[in-house]
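Read off the chains here:
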Amino acid sequence: MTTVFTVAALTLREAARRRVLRSLAVLTVLLLALSAWGFSRIDAEFGGLTSGESRLVAALVLNLVMFGLSLIAALGTAFLAGPTLAGETESGIALAVLARPVRRRSVLLGKWLGLVVFGSGFVAVAGSAQLMITWVTTGYWPPAPLTGLALLAAQAIALLTLGLLLSTAVSPMASGIVAVGLFGATWIAGVIGGFGGALGNDSIRRIGTVAHALLPTDGLWRGAMHAFQDPTLIAGFSEAFKGHPFLSATPLSGVYLVWSGVWVVIMLSMAVAAFQHKDL
Amino acid sequence: MTAGPAAGPQQTAGETTAQSPAVWAGNLKKRYRRRIAVDGVSFIVRRGEVVGLLGPNGAGKTTVIKMLLGLVRPDAGETMLLGRPAVDPRARARVGYLPELFRYQPWLTAQEVLTLHARLAGVPADRDVLEAVGLADRAGDRVGGFSKGMQQRLGLAVALAARPELVVLDEPTSALDPIGRADVRDLLLALRQRNVAVLLNSHLIGEVERVCDRVVILDRGKVAASGTLAELLGGRQLRLHLDGVGPEAAARLGAEAARDGEWWTIALPDDVPTLVSDLVSLGVRVSAVEPGRVSLEDRLLTILREAR
Numbered sequence: 001m002t003t004v005f006t007v008a009a010l011t012l013r014e015a016a017r018r019r020v021l022r023s024l025a026v027l028t029v030l031l032l033a034l035s036a037w038g039f040s041r042i043d044a045e046f047g048g049l050t051s052g053e054s055r056l057v058a059a060l061v062l063n064l065v066m067f068g069l070s071l072i073a074a075l076g077t078a079f080l081a082g083p084t085l086a087g088e089t090e091s092g093i094a095l096a097v098l099a100r101p102v103r104r105r106s107v108l109l110g111k112w113l114g115l116v117v118f119g120s121g122f123v124a125v126a127g128s129a130q131l132m133i134t135w136v137t138t139g140y141w142p143p144a145p146l147t148g149l150a151l152l153a154a155q156a157i158a159l160l161t162l163g164l165l166l167s168t169a170v171s172p173m174a175s176g177i178v179a180v181g182l183f184g185a186t187w188i189a190g191v192i193g194g195f196g197g198a199l200g201n202d203s204i205r206r207i208g209t210v211a212h213a214l215l216p217t218d219g220l221w222r223g224a225m226h227a228f229q230d231p232t233l234i235a236g237f238s239e240a241f242k243g244h245p246f247l248s249a250t251p252l253s254g255v256y257l258v259w260s261g262v263w264v265v266i267m268l269s270m271a272v273a274a275f276q277h278k279d280l
Numbered sequence: 281m282t283a284g285p286a287a288g289p290q291q292t293a294g295e296t297t298a299q300s301p302a303v304w305a306g307n308l309k310k311r312y313r314r315r316i317a318v319d320g321v322s323f324i325v326r327r328g329e330v331v332g333l334l335g336p337n338g339a340g341k342t343t344v345i346k347m348l349l350g351l352v353r354p355d356a357g358e359t360m361l362l363g364r365p366a367v368d369p370r371a372r373a374r375v376g377y378l379p380e381l382f383r384y385q386p387w388l389t390a391q392e393v394l395t396l397h398a399r400l401a402g403v404p405a406d407r408d409v410l411e412a413v414g415l416a417d418r419a420g421d422r423v424g425g426f427s428k429g430m431q432q433r434l435g436l437a438v439a440l441a442a443r444p445e446l447v448v449l450d451e452p453t454s455a456l457d458p459i460g461r462a463d464v465r466d467l468l469l470a471l472r473q474r475n476v477a478v479l480l481n482s483h484l485i486g487e488v489e490r491v492c493d494r495v496v497i498l499d500r501g502k503v504a505a506s507g508t509l510a511e512l513l514g515g516r517q518l519r520l521h522l523d524g525v526g527p528e529a530a531a532r533l534g535a536e537a538a539r540d541g542e543w544w545t546i547a548l549p550d551d552v553p554t555l556v557s558d559l560v561s562l563g564v565r566v567s568a569v570e571p572g573r574v575s576l577e578d579r580l581l582t583i584l585r586e587a588r
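Going line by line, the protein sequences match chains A and B. The first sequence lines up with residues 1 to 280 when you count with this note's numbering. The second sequence lines up with residues 281 to 588 when you count with this note's numbering.
Just so you know, the hints here were simulated from the structure itself, not pulled from any lab data. Careful: at least some of the hints might be erroneous.
Below, computed lysine-lysine pairings styled on BS3-like, alpha-carbon distance capped at 27 Å [to be verified]:
{"id": "1", "chain 1": "A", "residue 1": "K278", "chain 2": "B", "residue 2": "K309"}
{"id": "2", "chain 1": "B", "residue 1": "K502", "chain 2": "B", "residue 2": "K309"}
{"id": "3", "chain 1": "A", "residue 1": "K278", "chain 2": "B", "residue 2": "K502"}
Now the in silico label distances, taken between C-beta atoms and shown as ranges [stated by the list, open to error]:
{"id": "4", "chain 1": "A", "residue 1": "I266", "chain 2": "B", "residue 2": "D421", "range": "20 to 26 Å"}
{"id": "5", "chain 1": "A", "residue 1": "T2", "chain 2": "B", "residue 2": "E586", "range": "48 to 54 Å"}
{"id": "6", "chain 1": "B", "residue 1": "H483", "chain 2": "A", "residue 2": "A169", "range": "55 to 61 Å"}
{"id": "7", "chain 1": "B", "residue 1": "R407", "chain 2": "A", "residue 2": "S91", "range": "24 to 30 Å"}
{"id": "8", "chain 1": "A", "residue 1": "R22", "chain 2": "B", "residue 2": "P404", "range": "29 to 35 Å"}
{"id": "9", "chain 1": "A", "residue 1": "S253", "chain 2": "B", "residue 2": "P404", "range": "47 to 53 Å"}
{"id": "10", "chain 1": "A", "residue 1": "V26", "chain 2": "B", "residue 2": "A416", "range": "33 to 39 Å"}
{"id": "11", "chain 1": "B", "residue 1": "A356", "chain 2": "A", "residue 2": "A274", "range": "20 to 26 Å"}
{"id": "12", "chain 1": "B", "residue 1": "R326", "chain 2": "A", "residue 2": "Q276", "range": "28 to 34 Å"}
{"id": "13", "chain 1": "B", "residue 1": "H483", "chain 2": "A", "residue 2": "A16", "range": "38 to 44 Å"}
Ideal placement from N, C-alpha and C gives every residue a C-beta, glycine not left out.
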């Protein structure tokens with residue numbers, strides 16, 4: 001376990017000292033500043049809205065901004081996961097480390113743990129800041145903020161685990177690009193599936209269901225959106241929720257949450273197996 | 281010349297780890313797709329011994345080293361490090377390694393890199409090693425700003441960080457200037473004095489000749505020759521610069537004498553002064569008498585040519 005924690009601490013230090021953290025910080029501050037300005041304009045520009053309508057707009061814009069944050073977390077962790085494993089293998093840094101009396105799986109689990117702490121920490125800090133901004137500017141406070149943030153963190157964890165698996169097989173940059181590409185493709189498939197549901201077309205709806213099972217990032221994101229919405233809105237604006245990419249009508253099922261956990265364990269086990277057999 | 285190690289793992293199993301060889305490699309094989317990289321390599325590095333691994337590019341030297349350290353999985357064969365099977369990571373607890381491709385975390389300082397490696401090895405960091413490699417004044421600087429030579433010096437410090445009993449150095453002077461090379465030579469001699477075994481892969485044959493007790497020569501994935509320098513280089517010779525060598529004098533030098541212009545090379549006789557006085561009495565002008573030895577480089581080339 002010492003190796004796991006030593007490597008996790010090393011991974012966190014790497015994240016803190018590399019430019020990726022500064023880039024993430026700049027992007028996040030920009031997004032938060034933009035959202036603060038945007039939320040303050042909602043009240044000013046849409047003064048004629050009913051309280052229900054303004055809550056709907058606040059929830060929708062909050063989900064939109066949270067999507068931006070989740071995108072930053074996903075991009076950040078996926079592009080950290082690639083270099084930290086494939087990059088070190090390519091450059092030779094891994095040679096000296098793995099010649100120590102350590103098991104490869106401990107090194108990989110340490111890297112995973114470090115990335116999980118980094119991704120979750122980012123979601124917690126940036127997400128909480130966003131919720132505070134929304135509350136101060138519009139007075140809107142979501143019903144289950146902790147659940148929402150936890151699901152956003154879970155989304156980042158799912159993607160970084162995929163990035164880690166890919167980085168055992170392909171180059172650092174390719175693993176980041178493929179992970180982010182799959183993330184985007186799953187989101188689009190989720191949106192298409194949502195339209196299928198709204199139109200009552202089962203085969204189109206199934207595209208979203210299959211995508212959510214293959215890569216749970218979008219499924220977890222939809223659960224997070226649901227946790228950030230006022231539940232009374234669904235009853236009042238049911239039509240608006242149908243097929244909307246930034247509103248979610250249903251919460252996540254327990255089965256899906258379990259599947260997401262199992263999915264992460266499977267991906268991590270595959271990454272361990274691939275790394276264990278890799279010739280350096 | 282020996283083709284393989286004298287003792288197998290069965291024989292070493294009964295010994296304590298302190299008595300067992302530092303490295304025991306038996307019949308190592310590795311194939312990359314169609315190319316055979318290592319084909320039945322066996323050798324031993326005893327405790328406190330400095331062994332040189334020589335051979336042309338692509339002979340399989342680095343692959344052998346990586347198989348010893350668990351970085352490459354052998355297709356066949358066994359390895360014991362310091363008395364433990366190499367598949368057990370604990371076998372590497374007292375092993376230091378400087379890879380041919382030496383790179384260290386650029387975002388860490390030199391001291392942090394050492395602390396990391398000591399922690400992974402489960403020992404307290406040895407703070408003197410940075411001084412031993414001439415980097416004491418750069419301990420707090422980030423590795424990203426180091427030159428290649430400085431990174432290689434840091435690599436040597438990392439190899440020595442966990443108080444090793446075996447040090448594996450893969451081309452340890454490739455990026456070093458002549459002073460750095462001399463420092464490495466002194467370091468290797470100091471390690472031998474401390475009874476630390478060293479496996480040294482180097483293209484600099486002179487370097488190997490100066491510090492190694494034994495040499496293993498690899499060619500096309502196989503052990504072409506191995507043994508002590510004396511075994512490989514044969515008996516010592518005598519070189520003489522002679523003028524006016526007649527048939528009698530030539531007979532006195534012996535039938536095996538080799539001539540290159542006015543230079544004659546013979547096997548070192550028991551009594552050199554008598555030989556010289558005999559030659560003078562036979563009318564030969566003796567301008568120079570010096571010890572001669574086949575260089576390791578010449579011997580290596582001969583072995584490799586014979587093998588092909």
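Results for each hint:
{"no.": "1", "hint": "A:K278 - B:K309", "in the structure": "holds, 16 Å"}
{"no.": "2", "hint": "B:K502 - B:K309", "in the structure": "holds, 9 Å"}
{"no.": "3", "hint": "A:K278 - B:K502", "in the structure": "holds, 24 Å"}
{"no.": "4", "hint": "A:I266 - B:D421: 20 to 26 Å", "in the structure": "violated, 43 Å"}
{"no.": "5", "hint": "A:T2 - B:E586: 48 to 54 Å", "in the structure": "holds, 51 Å"}
{"no.": "6", "hint": "B:H483 - A:A169: 55 to 61 Å", "in the structure": "violated, 33 Å"}
{"no.": "7", "hint": "B:R407 - A:S91: 24 to 30 Å", "in the structure": "holds, 27 Å"}
{"no.": "8", "hint": "A:R22 - B:P404: 29 to 35 Å", "in the structure": "holds, 34 Å"}
{"no.": "9", "hint": "A:S253 - B:P404: 47 to 53 Å", "in the structure": "holds, 52 Å"}
{"no.": "10", "hint": "A:V26 - B:A416: 33 to 39 Å", "in the structure": "holds, 38 Å"}
{"no.": "11", "hint": "B:A356 - A:A274: 20 to 26 Å", "in the structure": "holds, 22 Å"}
{"no.": "12", "hint": "B:R326 - A:Q276: 28 to 34 Å", "in the structure": "holds, 32 Å"}
{"no.": "13", "hint": "B:H483 - A:A16: 38 to 44 Å", "in the structure": "holds, 40 Å"}
Checked against the numbered hints given earlier, the structure breaks hints 4 and 6 and satisfies all the rest.
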